[in-house]
Amino acid sequence: NAGVTQTPKFQVLKTGQSMTLQCAQDMNHNSMYWYRQDPGMGLRLIYYSASEGTTDKGEVPNGYNVSRLNKREFSLRLESAAPSQTSVYFCASIRHLSGANVLTFGAGSRLTVL
Amino acid sequence: AQTVTQSQPEMSVQEAETVTLSCTYDTSESDYYLFWYKQPPSRQMILVIRQEAYKQQNATENRFSVNFQKAAKSFSLKISDSQLGDAAMYFCAYRSRQYGNKLVFGAGTILRVKS
Numbered sequence: 001n002a003g004v005t006q007t008p009k010f011q012v013l014k015t016g017q018s019m020t021l022q023c024a025q026d027m028n029h030n031s032m033y034w035y036r037q038d039p040g041m042g043l044r045l046i047y048y049s050a051s052e053g054t055t056d057k058g059e060v061p062n063g064y065n066v067s068r069l070n071k072r073e074f075s076l077r078l079e080s081a082a083p084s085q086t087s088v089y090f091c092a093s094i095r096h097l098s099g100a101n102v103l104t105f106g107a108g109s110r111l112t113v114l
Numbered sequence: 001a002q003t004v005t006q007s008q009p010e011m012s013v014q015e016a017e018t019v020t021l022s023c024t025y026d027t028s029e030s031d032y033y034l035f036w037y038k039q040p041p042s043r044q045m046i047l048v049i050r051q052e053a054y055k056q057q058n059a060t061e062n063r064f065s066v067n068f069q070k071a072a073k074s075f076s077l078k079i080s081d082s083q084l085g086d087a088a089m090y091f092c093a094y095r096s097r098q099y100g101n102k103l104v105f106g107a108g109t110i111l112r113v114k115s
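Chains Y and P are the protein sequences, given in the same order. In terms of this note's numbering, the first sequence opens at residue 1 and continues consecutively. In terms of this note's numbering, the second sequence opens at residue 1 and continues consecutively.
With the rest of the complex left out, here is chain Y:
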């Protein structure tokens, strides 16, 4: 099925460990996003990529890195996980750079850092 696929769905890490959240979309979308969702904080933008080869910081980029590997894939890396990064992470994508096109979200990845 067409859409945004995130892996893994669940992950438990120890403080200081590293991991990468993978995101892929098969809709030929240009722009991709990583958000984190925390209770009472809503969805906060970590990084986004307007097009292949470009990435930009969002509201809360500290402690994260991203890679736009190609048009389909946009990964989020935690180099040294901290308990403050315990959250639900969402990847999303959108097709055009203009026009009110619909944002398509992945199912989310729940990360717990002990």
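Calculated directly from the structure, the hints in this document are not laboratory data. Yeah, the Cβ is synthetic: ideal placement off N, Cα and C, and Gly gets one too. Certain hints may be false.
So the derived list for chain Y, only partly shown, Cβ under 7 Å to chain P, looks like this [as the list claims (entries may be wrong)]: (1) Ala24; (2) Met27; (3) Gly42; (4) Leu45; (5) Phe105; (6) Gly108; (7) Thr112.
Using the hints provided, position chain P relative to the given structure of chain Y.
Just chain P now, kept in the frame of chain Y:
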């Protein structure tokens, strides 16, 4: 930087009645997009309604409508004839046209529907 504020952490409505969720935003841009998304317990994000800033007419989708006040930077969502299935977290979102499609969300409003 663009910001989105939802001042109501939680709202309740009786089934079949009408409820309005508030959203304000801050921007220096003149052209942008606004959205309302619904997130049920399944955590999937569902688009409810969208509004293009250059359009003066308020968007409507079945029981959902918005009151877009550009000068006041206000974008409220009205849900008419509320149904139990409307219970969810609702997010207001702003998408820039100038800054590479940057999309920013508010903190969300939990809507409870009473039978």
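- Against the earlier hints, flag every one the structure doesn't satisfy and list their numbers going up. Hints 1, 2, 7 are the ones this structure does not satisfy, whereas the remaining hints hold.
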